[in-house]
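Colleague: If you read the sequences in order, they're chains D and A.
Each residue of the first sequence is one higher than the one before, counting from 1 in our numbering.
Each residue of the second sequence is one higher than the one before, counting from 1 in our numbering.
No lab work stands behind these hints, which were simulated from the structure alone.
Given the structure is predicted, the values throughout are model-derived calculations rather than measurements.
Ideal Cβ placement from N, Cα and C applies to all residues, glycine included.
Among the hints, a few may not be true.
[To be verified] Quick list of the computed label-pair ranges, beta carbon to beta carbon: (1) D:ARG231 / A:ASP107: 42 to 48 angstroms; (2) A:GLU29 / D:LYS201: 30 to 36 angstroms; (3) D:SER30 / A:ARG142: 27 to 33 angstroms; (4) A:THR55 / D:ASN79: 28 to 34 angstroms; (5) A:GLY136 / D:ASN179: 55 to 61 angstroms; (6) A:ASP109 / D:ASN179: 27 to 33 angstroms; (7) A:GLU29 / D:ALA217: 47 to 53 angstroms; (8) A:GLY73 / D:GLY252: 47 to 53 angstroms; (9) A:GLN153 / D:LYS201: 24 to 30 angstroms.
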Amino acid sequence: MKITRALFVIGCITFMSIDAYAQVVWLSTSATQVDKDTQNPYVAIDASASAEPFVARNAVPVEGLTAIDPDGNAATLENILVGKVRSSADLKLAKAGTYKIGIEAHSVSVSYRLPPDSPNAPPTRASNGMVRRQLTMEEYKSFKLPNDATQARITRNLRRVATYVTCDRPSNGVLKSDNASGVGLELIPITHPNDMFPDQKASFRLLLNGKPLPDFALTVMPAGQQYRGVRKEIGATSDAQGLVSFTLPEGGRYWLSAAYPVRGAQGSQSAADADAAPTYTDAYTYGMAIEVLY
Amino acid sequence: MNSSTPYSIASYSIALCLPLLGVNAVATELNVKLQLPRLTAAEYHKPYVALWIETGDHTFSNNLAVWYDAPKGDKWLKDVRQWWRQSGRDMKLPLDGLSSPTRGPGDYDLKFSNAAIDKLPAGQYQLVVEAAREHGGREVVRVPFELPAKTAQTYSGKGMEELGNISLQLKR
């Protein structure tokens with residue numbers, strides 16, 4: 001899947017689908033730890049898409065936003081709002097322990113080439129005859145590839161975003177890898193994500209379709225790039241067991257992310273496959289917001 | 001995970017270190033010099049202070065002291081945040097030999113001769129001092145040291161606001 005940034009932007013403007021944004025979809029919460037005896041045991045959840053994680057820019061759909069309580073049951077989200085800049089909801093931490101908050105979004109990216117005089121051409125397309133579309137699962141059901149399309153590529157996207165919040169003492173129920181779906185890319189905390197300290201080593205496990213993903217890069221990015229300029233990324237690569245370990249240097253929020261397949265790593269569309277049958281691939285992204293408290 | 005109370009630490013450590021008893025037969029003295037700076041604040045409250053020992057990789061090992069206002073200040077103990085997360089929330093205070101009232105600005109000379117330190121396996125450790133002040137700041141200073149102490153050794157650290165100079169002396 002080789003999509004240039006320019007074409008990404010064209011897709012974004014043309015179809016206004018959130019998946020087309022050359023942006024990160026992220027989540028954050030007003031707090032990651034709440035004390036049991038507080039008068040107001042709520043956290044506010046924000047979700048947005050932007051170039052820089054934690055700096056809200058464009059609201060995202062909330063259909064796939066869910067919270068799981070420490071016992072593994074669905075927790076109710078209140079005051080759900082889809083604004084212009086961010087989407088948000090309130091979550092009551094009624095039980096002691098750790099909650100998982102996540103967004104799971106499925107979509108399909110379709111690209112194909114049409115001849116210059118094709119009657120199937122959409123009003124806007126790139127000059128080279130390539131058509132790129134971002135479809136929801138609902139739209140994809142009724143999608144038909146035009147009969148004059150060539151070099152068709154269909155990519156099924158599964159994007160997951162997760163974060164954790166704890167009331168009182170951290171618990172491990174929602175972290176366990178046996179709760180992993182076994183589908184796509186998943187990041188499983190080994191170190192409790194709500195019990196990290198500055199200068200402490202943190203470990204996670206990367207899974208692909210439920211199996212450890214070895215020798216794979218996880219990007220760890222501290223929040224606040226807008227105040228410092230440089231990214232200060234912490235590079236981390238999984239070992240043979242899919243285990244990724246790194247030291248979080250100081251307090252603050254961090255954005256952990258990985259994409260499979262690695263963008264640009266797949267074969268490019270060459271002239272040789274011009275007449276080939278449509279190719280189908282799966283693309284997964286996983287992002288996780290964590291907070292290290294001083 | 002870090003749910004050890006001083007009691008369980010002691011028993012755990014004894015079990016771990018029985019083979020080392022011969023080596024560590026001489027008790028190690030642990031002396032801490034601790035400075036609470038005088039701060040100009042419109043509303044000054046004496047800080048809550050916790051002192052404890054953790055291993056080189058930040059795993060809680062054992063408590064040395066907790067200064068707070070018992071019993072009415074129990075609910076503010078959690079504001080000594082790192083200590084609370086590592087140990088405080090798993091224990092019941094007050095505790096003889098551990099908790100004592102808050103203290104104002106000044107220099108303190110603290111001696112710990114409970115021998116708990118002799119029961120720790122050889123390796124890298126840190127003395128951790130955390131001070132949290134109502135309507136004020138909170139600061140944690142870590143002073144790394146090594147066990148077993150061979151001869152008299154002094155290690156030091158320094159806070160920026162809530163804590164002044166801290167030194168740790170190990171003597172056998």
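Colleague: Looking at the structure, which of the earlier hints fail to hold?
Modeller: Violated: hints 4, 5, 6, 8.
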